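There are 2 protein chains.
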Amino acid sequence: MTKWVYSFGGGSAEGRAEMKNLLGGKGANLAEMANLGIPVPPGFTITTELCTYYYANGQSYPAELKGQVAEALVAVETIMGAKFGDVVNPLLVSVRSGARASMPGMMDTVLNLGLNDATVEGLAKRSNDDRFAYDSYRRFIQMYSDVVLGVDHHHFEELLEALKEDAGYSLDTELKAADWRKLVGAYKAKVEEQLGRPFPQDPQDQLWGAIGAVFGSWMNQRAITYRRLHEIPADWGTAVNVQAMVFGNMGNDCATGVCFTRDPSTGRNMFYGEYLVNAQGEDVVAGIRTPQYLTKAAREEAHAELPSMEEVMPAVFAELDAVRHTLEKHYTDMQDMEFTVQQSKLWMLQTRTGKRTAEAALKIAVDMCREGLIGKEKAVQRIDPGALDQLLHPTLDPKAKRDVLGRGLPASPGAASGKVVFSADDAEVWAQKGEKVILVRIETSPEDIGGMHVAQGILTTRGGMTSHAAVVARGMGRPCVAGCGELRVDYAAKRFKAGDRIVNEGDVITLDGSTGEVMSGAVPTIQPALTGDFAALMVWVDEIRTMKVRANAETPLDAATARKFGAEGIGLCRTEHMFFDPKRIIAMREMIVASEESGRRTALAKLLPFQRQDFVDLFEIMEGLPVTIRLLDPPLHEFLPNSEDEMNEVARAAGVDLATVKGRTAQLHESNPMLGHRGCRLGITYPEIYEMQAQAIFEAAILLADKGQTVVPEIMVPLVGTKKELDLMKASIDKVAQRVFAEKGKSVPYHVGTMIELPRAALRAGDIAATAEFFSFGTNDLTQTTLGMSRDDSAPFLEVYRQKGIYEHDPFASLDQEGVGEMIQLAAERGRKTRPGIKLGICGEHGGDPASIAFCQTVGLDYVSCSPYRVPIARLAAAQAALGVKASSTA
Amino acid sequence: MTKWVYSFGGGSAEGRAEMKNLLGGKGANLAEMANLGIPVPPGFTITTELCTYYYANGQSYPAELKGQVAEALVAVETIMGAKFGDVVNPLLVSVRSGARASMPGMMDTVLNLGLNDATVEGLAKRSNDDRFAYDSYRRFIQMYSDVVLGVDHHHFEELLEALKEDAGYSLDTELKAADWRKLVGAYKAKVEEQLGRPFPQDPQDQLWGAIGAVFGSWMNQRAITYRRLHEIPADWGTAVNVQAMVFGNMGNDCATGVCFTRDPSTGRNMFYGEYLVNAQGEDVVAGIRTPQYLTKAAREEAHAELPSMEEVMPAVFAELDAVRHTLEKHYTDMQDMEFTVQQSKLWMLQTRTGKRTAEAALKIAVDMCREGLIGKEKAVQRIDPGALDQLLHPTLDPKAKRDVLGRGLPASPGAASGKVVFSADDAEVWAQKGEKVILVRIETSPEDIGGMHVAQGILTTRGGMTSHAAVVARGMGRPCVAGCGELRVDYAAKRFKAGDRIVNEGDVITLDGSTGEVMSGAVPTIQPALTGDFAALMVWVDEIRTMKVRANAETPLDAATARKFGAEGIGLCRTEHMFFDPKRIIAMREMIVASEESGRRTALAKLLPFQRQDFVDLFEIMEGLPVTIRLLDPPLHEFLPNSEDEMNEVARAAGVDLATVKGRTAQLHESNPMLGHRGCRLGITYPEIYEMQAQAIFEAAILLADKGQTVVPEIMVPLVGTKKELDLMKASIDKVAQRVFAEKGKSVPYHVGTMIELPRAALRAGDIAATAEFFSFGTNDLTQTTLGMSRDDSAPFLEVYRQKGIYEHDPFASLDQEGVGEMIQLAAERGRKTRPGIKLGICGEHGGDPASIAFCQTVGLDYVSCSPYRVPIARLAAAQAALGVKASSTA
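These protein sequence lines are chains X and E, in that order.
Its first residue numbered 662, the first sequence is counted upward by one per residue in this note's numbering.
Its first residue numbered 662, the second sequence is counted upward by one per residue in this note's numbering.
Read the hints as simulated data drawn from the structure, not as lab findings.
Derived pair list, reagent style SDA-like, types lysine to any residue, alpha-carbon separation capped at 25 angstroms: (1) X:LYS1385 <-> E:HIS891; (2) X:LYS1494 <-> E:GLU1490; (3) X:LYS1094 <-> E:LYS1323; (4) E:LYS1039 <-> E:HIS991; (5) X:LYS1465 <-> E:ARG1261; (6) E:LYS1500 <-> E:GLU1204; (7) E:LYS1385 <-> X:ASP1453; (8) X:LYS1323 <-> E:ASP1453; (9) E:LYS1391 <-> X:GLU1460; (10) E:LYS1385 <-> X:ILE893; (11) E:LYS1391 <-> E:VAL1373; (12) E:LYS1465 <-> E:SER1106; (13) X:LYS1385 <-> E:ASN881; (14) X:LYS1465 <-> E:LYS1396; (15) X:LYS1396 <-> E:GLN1464; (16) E:LYS1094 <-> X:HIS1330; (17) X:LYS1323 <-> E:SER1304; (18) X:LYS1385 <-> E:HIS1470; (19) E:LYS727 <-> E:LEU810.
Computed footprint of chain X on chain E, listed as stretches where at least three residues anywhere in the stretch have a Cβ under 8 angstroms from a Cβ of chain X: (20) 1323-1336; (21) 1449-1457; (22) 1478-1486.
For clarity, every value in this text was computed on a predicted model and none was experimentally measured.
Quick reminder that beta carbons are idealized off the backbone N, C-alpha and C, glycines included.
So that you can see chain X by itself, here it is in the shape it has in the complex (with noise of 0.2 angstroms):
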């Protein structure tokens, strides 16, 4: 018989840590904490398997389930003392979800399950409080009808306001017991009201909707949502934890709190966390109450006045601060943990690994290993290179003008500005139409996810640092400043008031997601300092991985924050951006209206000096490591000038008139440029461009020569399709190169090599290789010719597209590894087998994406090259890459 159930309490546990693929995070760690002797309320946990096999047969459970539940239900009993639906000692439990990863967007927990109209004056009987017991009663009403019964809460939330205005009462505090029976009572009316059956009052029939709702949560939109954004399948499932409850809530010695065992802002390692006294879970994390620090130290520095957990029970705290050093040097890593303090005994409700800013995870990770928690390659698998991206973009300039608005909790660290949303869908909406957004909330719930993905930060009104808002921003790396109470939001009116200023929506602000603060218009910004901790992942990331790590970069500025950033070489100078500057674009347009080769040749002359110093710089700035120069790609019709002015101004340069320059444009308009005149096409057609452009690289690499720098220029030739094309460019490049090596009496070494970025360069790869000492991938081009796709015209559909789930990742941003991966792999494959030993790089937008680094350590690339701010990022990704690759091939 399947075993369904697992349980766990009072000192021992049937699963393990190990098993959460089958009892979920929350599972599996409550059977760790309580095999470890942590104080967990005993409970048990119905498997993810159980899910699978509950939408595998029509949502049904196997027939088995029921005597299973039934049996570790009693354990629980025994344990607690108290028996479900007892009337005089009743057993309340707790149904929460629990799926392999952590899941925000299921809230679907159900508290106090097991009172009914007679359990309640059992509860209140036994804990000699009837207020307490009647708005337990009333929670869970609320909570169950609306969670599992579908009735929304605003219907109960407004019974409360109306008895509280009828009463006169402006706090829930100044209700009651009466009160709270009065409301239970129209709760109950209000739930038969709207779905024509009483509220259930059998304990079993409570259980069991509890358990269905939770399965059914996981097929929920949000829930799907949450998966598509991180790549969760469904058929991993969730598991039900059924729990023995506690409560926070019977008085002043009880209290609540979540925290964690570093600070996940920061990374710090010092205690944080929050707590409320009297209250029960859900009132620390939906908002509603501004919490309390659990530390004097914390409290102290934030200038709060509310007093500390450590003050108000400093021996629960010791117990607490006890459990936290237990558990993080159990699990290696920074947990986030639960607890109730019930009547000053401490339970511990729940513990994972806690989610953390980026900065945190960078702080905690290199930490741990220093102190000999971890060690280097766990450090370094511990980092999201995605979200390192926080610490590599500019901050807040400290000396820039504030003109601050208000002042709210740094809930995640980092700076954004962007005009002000109030609404999830608008934030989608214009950040769809390439507005920069800022999400602006009274407080943030699941529902807006997708506005919160899409928005440069997030501000909420209500709320603490570990609120809805605070814990999501800070997993999707997004700054947010949280419980700004000094606004005030108009949702009807679209704008906010800060005093008497008002902000509209449209209108931009800027976000301290370090400080806390919120400030009109846009702020300047200053770069990231590299050092520290940064520097010592570094460290460890550059001693794991196998691949190195290149910049794109042409202009002196960009090569040296590269270099700065720690790229290896230049994999891609791409040397059209070099004759947009004014003073040469004259030059190029000449070139292009003259009708003779000589008259090109003029004009190219002209550009020579600029194109040799380019390298001259380069060369200097990269001095010691290779520099890949890609010779002109663009269709020549890019450089010519719009405005009848500048179209003047050409023809005045050139010695034409202005219809020459006019029929010239005319001449070169291109239906697909993209597929058009450009790339080698040019160098075949007009020699004496490339021929320029060959000269000016030898010239400046023999300048350096004499200066004793090393220099091995790497000539790249775009766009080939066939090995006759490189054939003929890597002679007219030999020849230039004798000539410059015959007159300057002296030769550099250098290597002449491909762009791989058409599919059918891909297949002839073998014969290209014959000539290409190197290849780099264009990823970018291959993209758009392999899947027909035009980066600049696919946006209108490319959204539906991802959304019906035919591209999960837009293929410009992270490789489309089954079809352009493909070529990758059936190219570098036929290169090898013609040059064992020829360099492969790739140079698109990919290779500073993670997952595409991953496929290019599979395929055995030698480099992949990347924006220069996304270098670090890459060389981390690539370290991850080696670390999987290794994990992979040892199991």
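Starting from the known structure of chain X, fit chain E onto it as the hints suggest.
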């Protein structure tokens, strides 16, 4: 020791016809003729292997060659009873090139070799004709100096003209022996003046000079160009034929001529040829004297005055006619022969398979098959599918008014209109600009081949049916009128006169190559008849081929034409062509500018009846045959108007304002429409479009099914790159089918498949075939994406690419087998692995290209689909491909 030299003559030979690769076409045939007992002047052949040796060894000969040549020369001397270099009885020889395939570009033949100041006296005495001897000597000096020594022939022509002017002669025949002798002196002085050394007097030096010149000519530009055009590898090499001279110019009992065993223009089985009394061979082909007919019948038919050979030399003619029958029976193909009559003795100089017009090729192949000379398979292999094109295209309407400017020889049949140009270079320049040109020349030479290739037709004012222009034009399938002496060409003024009418460069004329008429302006044409020999051949073709041939058609006219030409279904019905009709385009545009799905559905409902009728018409015409319908493919902006008037009309029809129409137009603009929002991307984003099309297809099919017709529509989804796209589209089509079938209470079978036109689709064909019931290779787009080359934009560089040998053919005309071909092969393999019986076809332009069709056969496609006019060509090419495959698989 390698045998480099093969002797022939005197009733036997060392070589055979099968040794063509070694001895060249001429050498092998001379050997074969000698073995057949045909009177061939004795001689020897230096093998093609020597040519290869020569170029592989720094243009030097093997040591043993001298001895072998000397020995063979002795054999010739023995047979002819004369001695090379002997002053009393000198043996003279001809030296000719002879490659495996006939190469009209190589005219480097030297006659009368062996003459010098001493032997010329011997020749004069032996022939008792000083005039003949010195005429021969001066011819030899001119020819040898031109061909071997590189002294241009105009030097000699000027000396001749000067002498004639001094003496007051108008014709060469007026020159006396003394005049020729004097000219010989002047020629020799000119050679010494030009070269700084005297004309070689040693016959051995002459011989080796000529042999070297033949090998040298293998690498001249003309030969290289010809080989490129005809795909002849350089390493085939040429042989050298050294043969005893016989003389057609020793008096009026001498003659020389060229003849064909059947009429090379019409194919009629009648002896056909031309001869000149008292002349050497080159006089006939050079067009300097207008030759006489061979047979009395031909002379009478042409109303010619000069007597035929049959009348002048009946006995020799009878002997020649016997040789004709012997050779044709032996070679089982129409022969092109050269002969000389020396003092009433017939000598056959060479025989080879004769070039012929498409019309003649067809008639000869069918006749020979009927005569039992060859089998059906051979007959089918004899017709060049490309040349068949001529027979399928319109000819001049006999009822049309013809403004005849003049009448020449009907040298190559077919009709052509175009603008007059007067040089081959101009022809190439104008053709490059897309102009249709007629090349008008006094006479043509091998330098003109390029211009003849791009011209629609060729007109010469001098030369006969076997002149250079006539022979080359027939080979190329270009209409040609030759020797139209009524016209006077003025190259300098770029015009010609016809009587008092002047035709300038750029004026349009029409040629009728079947009648010899030259007409002013463009003359209307009529459709070709597809009966008689053509129909007979096509029966054999269809028996042999294994691939089906379908047509690309969407209009009833095209479909009917296709069926008439033997199409076995429609392989590509491009539905978008159906929306451009003025009655429909407004609704189409209304659909495009609609902002909501409901608006699009309203507009689509208006298009539905039109589409349904389109399919009803097609299904009726193609009854019983498959019809593949491609759903909407082009980007929507292609349907939008440019003019404000039309935009206003759209705005009115759609009930929106002009700004909306303009806005939508701007919104739909794409940078690279080829890679844009088109194909199934439209179906994914606007499912209602394909739904309407599917509905129209199913409703039309049921209408015909109701009439008892069999209709099996094949619905084709364009631009698929992933299985998921096809899954979604197939689900949508199936849903419409179920709805229509339910409404009509009847169902019809149908198939859903996809275009394979993206590299990704080819790679993922294994997945896609799980859903697709058929693949149709859209090689136009597959070429564009695989090569990264826009068909619309590639003209400016593609011509340079062809010149530089990067692509041998225009890859949009003939499939790039190495690149696009591998894509097709991969997709076919992967598709069949998933779905073994998957139907595979090709529907790009390549479906009508014989080389591409041969490739399709090797991949094992089920059918090719091409434009209606190319269907017969495709049928023939498919039959030849089937024979080719058989041959290689039994080899």
